[in-house]
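Go ahead and model the full structure; you've got the sequences and the hints to work with.
Here is how the chains run, residue by residue.
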Amino acid sequence: MGSTNVNRRDLIKRSAAVGLVAAPGMGLLSACASGSGEDNKVEKGKKTKDNPLGVNKSAALEIYIFDGGFGTKYAQDAQAVYEKNFPKAKTKLKSTQKIQSVLQPRFNGGTPPDLIDNSGAEQMDMGVLVGKKQLTDLTDLLNAPSIDDPNKKVRDTLRPGVVEMGQFDGNPVWIMYYAYTVYGVWYSQKALDKLDAEYPETWDDMLAVCAKAKKKGMAGWTYAGKHPYYLPFSLYAFMAKIGGPKVLESIDNLEPDAWKQPAVKAALEAYYELYKKGYVLDGTPGLDHIESQTAWNEGKALFIPNGSWVENEAKKTTPKDFEMRVAAPSGLDSGDQMPFGTLWASGGEPFIVPAKAKNPAGGMEQLRIMLGEASSKNFTKQVSSLTSFDGGTDGLTLPPGLKSAVDALDKAGKNIVNPRIQDWYVALQKEKIGVACLGEMMAGRMTPAETMKKAQKYTDEAREDDSITHYKHN
Amino acid sequence: MEHGKYRFIVGFLIVPLTIYAVFVIWPFAQSIYYSFTDWTGLSPDFKMVGFDNYIKLFSDEVFWKSLQHSLLFLVLLPLVTISLALFFAFMINVGGRRRKNSAVSGVRGSSFYKIVYFFPQVLSIAIVALLFRFAYNPRSGSLNAALDAVGLSSLKTAWLGDPETALWAVMGVMVWSTVGFFVVLFSAAMTSIPRDYYEAALLDGADRITTFFRITLPLLWDTVQSGWIYMGILALGAEAFAVVQIMTTGPGGPAYSTTVLPLYVYLKAFRDGQAAYATTIGVALLVVTLAFAAVVLKLGRRERLEY
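Sequence lines, in order, name chains B and C.
Numbering of the first sequence is given in this note's numbering, commencing with residue 1 and proceeding in unit increments.
Numbering of the second sequence is given in this note's numbering, commencing with residue 1001 and proceeding in unit increments.
Hints listed in this document are in silico derivations from the structure and should not be mistaken for laboratory results.
Values in this document were obtained by computation on a predicted structure and should not be read as measured data.
Glycine residues also receive a C-beta, built at the ideal position from the N, C-alpha and C atoms.
Mixed in with the good hints there might be a few duds.
[Said to hold, decoys possible] Each pair of labels, with its calculated beta carbon distance range: (1) B:Thr397 with C:Leu1155: 31 to 39 Å; (2) B:Lys411 with C:Tyr1033: 54 to 62 Å; (3) B:Lys215 with C:Leu1123: 41 to 49 Å; (4) C:Val1022 with B:Lys453: 48 to 56 Å; (5) C:Arg1301 with B:Asp466: 22 to 30 Å; (6) B:Lys92 with C:Phe1119: 39 to 47 Å; (7) B:Gly278 with C:Arg1214: 54 to 62 Å; (8) B:His473 with C:Val1080: 48 to 56 Å; (9) C:Phe1119 with B:Gln189: 43 to 51 Å; (10) C:Trp1026 with B:Val102: 21 to 29 Å; (11) C:Phe1119 with B:Asp466: 48 to 56 Å; (12) C:Val1022 with B:Val102: 21 to 29 Å; (13) B:His470 with C:Gly1011: 44 to 52 Å.
[What the hints assert, rightly or not] As a list, the in silico DSBU-like pairs of lysine-lysine whose alpha-carbon atoms are at most 35 Å apart: (14) B:Lys133 with C:Lys1065; (15) B:Lys454 with C:Lys1065; (16) C:Lys1156 with B:Lys320; (17) C:Lys1065 with B:Lys190; (18) C:Lys1056 with B:Lys316; (19) C:Lys1056 with B:Lys430; (20) C:Lys1047 with B:Lys98; (21) B:Lys277 with C:Lys1156; (22) C:Lys1047 with B:Lys215; (23) B:Lys73 with B:Lys430.
Structure, rendered in structure tokens:
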């Protein structure tokens, strides 16, 4: 083999080396490429009484729906209404479970659809979208008359807290949450009756009920161990109940002592006791949300922290006589700052109209239709979840879980809390506090003291990280 | 000839080289460029931020954990998979007891094993990961049930739910799903080794272990080397990502116990809206891959035996 010759083998070797280097990295790196954003909006239509948003009647409309627990049927029904109102408009409804993978390139290319249900595991980061001015302000929609009553603005037909949740800083409303989710402790009334127990209002009672269940070979609690960020669904309202809504505001504001508050400590210690006393279903840390819900449906565990989508999601595994219920988290003791019934309820299924949408008025009009009583009822009937439209349950026979959710909302009255960390700081909430702190603690691998320390560390890091957009409660 | 040698070769390669440059080299250059920006991935505007992303990378605990796991994958996966595959292939082809008429043959039922080993290769990695997710389920999974059945209940754990076992559980799946391919690859290579070598060795009284290390392995070296490279790519690339993403808690495992570089790139780019930072991690991944390639090519340099 002469040194000056490039023979076949060398050539192959060298190109193999280059190819080897390229192969694994290629797919990952080359997925990112950004295009230019140009503006090509459709002309606005004339504003009339029937068309308060000035929709261009012949402009195409493209909608993207997250195809998750709620399916897409409700959106198709609303789309049909839009088509009826604007027969000349071509509407397209697409759905995916991978919102971000599908839509991120279109945001980069400056050609996003007109209305997006930005939901699911692949939700696009709202903070970034808002920070980068990628969304349309929905104030026009909120000030438009509602579909049902021309004398009432859309804004006035919504459930409490929905509009505020769509705001990030200042007045513009960037997001319209369509579903209304009640978070809490879910259980089967039948299982409780069997134990001859009532839903516990204090933590001592909670432990007593769990002890009773344990005697019968039933675990007290289970949760989505693989997604431990389900734990806050009951834990956060519990913290608020112990120490007042300020506790959660401090966590949301990423304050330097957020996770050192006495209420936080008390709540974590209470939950840790569930693990210590063996009240958590064996193997829970290895179960995902479906598996844990199924175990709960099978009567292996009494309580599960969850949101009101669970009734629809667990439909197939729920026994007929299960009598699903949701309750506000049990309190600690009589020294709690807020009354029993304090509940986490907030908007779900965030709908957005991209700033670069071709037909933003059409997107908003579609939302206006969806927020009408008829569409709202249709949604509730199909997927047993409430919508942000306040009402829309009259005359419907609600499934047991949803009915108890409505009751829980009534009971809570004004005592509704709404931790924003979930939509402001997704990575912090899910991966850091959820998986790396709470998940570890409930699996018994970290003490409450260590959990508080670690959660505070993550909070401090998030506060000091300039690449994250920061928000504050007013 | 000597003079225009490279020009001559390039003349033939101009089309593939262009394609390569546009679809491979250019994205690399682009990614490296993006790693110096604050691009979110959700809007087309961004600005240069210098080395900020790299500084952040150095103090990012999760990055170091991901790197550590990726390196572990890179070292252990090829080692375990290829050793296992070599062992199986040897047993299938030459490891059997001596029978009449043929000096070397596989163990009984070897053609059946060959097919069985190849099965996992037919399944897509996503399905494999999903299947094992069920198997690892601590309550109803077959693994814990099997442990119960043989009276080893004390060994039961939460598998993917326990940081102690999660990474090993993931690695096990990757070995399981790839070993069959190498069995077939090595089997094919082994059948091309002339039988008389084995016969001669056997006549001289060599046992199976000796024949393996003195005859089979040296003559298989080229194939093993390509297997090693291929396995390294799997360990750093899409396969490792898919398994971790589909199977593990979070994803990324309890207490970050299974996070790997490609997953971290994905999460940063597609969940957190930090595409620029993701490309920075991608550049780190590139460095690791380059180092791996250099090592493999260096170690693999050996005179080829012609037979």
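Here is how each hint holds up against the structure:
1. B:Thr397 with C:Leu1155: 31 to 39 Å: violated (50 Å)
2. B:Lys411 with C:Tyr1033: 54 to 62 Å: Roughly 57 Å apart at Cβ, these two residues keep to the hinted range, so it holds.
3. B:Lys215 with C:Leu1123: 41 to 49 Å: holds (45 Å)
4. C:Val1022 with B:Lys453: 48 to 56 Å: holds (51 Å)
5. C:Arg1301 with B:Asp466: 22 to 30 Å: violated (47 Å)
6. B:Lys92 with C:Phe1119: 39 to 47 Å: holds (42 Å)
7. B:Gly278 with C:Arg1214: 54 to 62 Å: Because 58 Å falls inside the window, the suggested range holds.
8. B:His473 with C:Val1080: 48 to 56 Å: Taking Cβ atoms as reference, His473 of chain B and Val1080 of chain C lie about 52 Å apart, which means the hint holds.
9. C:Phe1119 with B:Gln189: 43 to 51 Å: holds (47 Å)
10. C:Trp1026 with B:Val102: 21 to 29 Å: holds (24 Å)
11. C:Phe1119 with B:Asp466: 48 to 56 Å: holds (51 Å)
12. C:Val1022 with B:Val102: 21 to 29 Å: holds (25 Å)
13. B:His470 with C:Gly1011: 44 to 52 Å: Check failed, 58 Å falls outside 44 to 52 Å.
14. B:Lys133 with C:Lys1065: It holds: about 34 Å lies between the C-alpha atoms, which stays within 35 Å.
15. B:Lys454 with C:Lys1065: holds (17 Å)
16. C:Lys1156 with B:Lys320: Roughly 33 Å between the alpha carbons, so the hint for Lys1156 of chain C and Lys320 of chain B holds.
17. C:Lys1065 with B:Lys190: Violated, at about 46 Å.
18. C:Lys1056 with B:Lys316: violated (46 Å)
19. C:Lys1056 with B:Lys430: Holds, at roughly 21 Å.
20. C:Lys1047 with B:Lys98: Holds, at about 28 Å.
21. B:Lys277 with C:Lys1156: OK: Lys277 of chain B and Lys1156 of chain C at ~20 Å, within 35 Å.
22. C:Lys1047 with B:Lys215: violated (63 Å)
23. B:Lys73 with B:Lys430: holds (29 Å)
Violation of the numbered hints given earlier is confined to hints 1, 5, 13, 17, 18 and 22; the remaining hints are satisfied by the structure.
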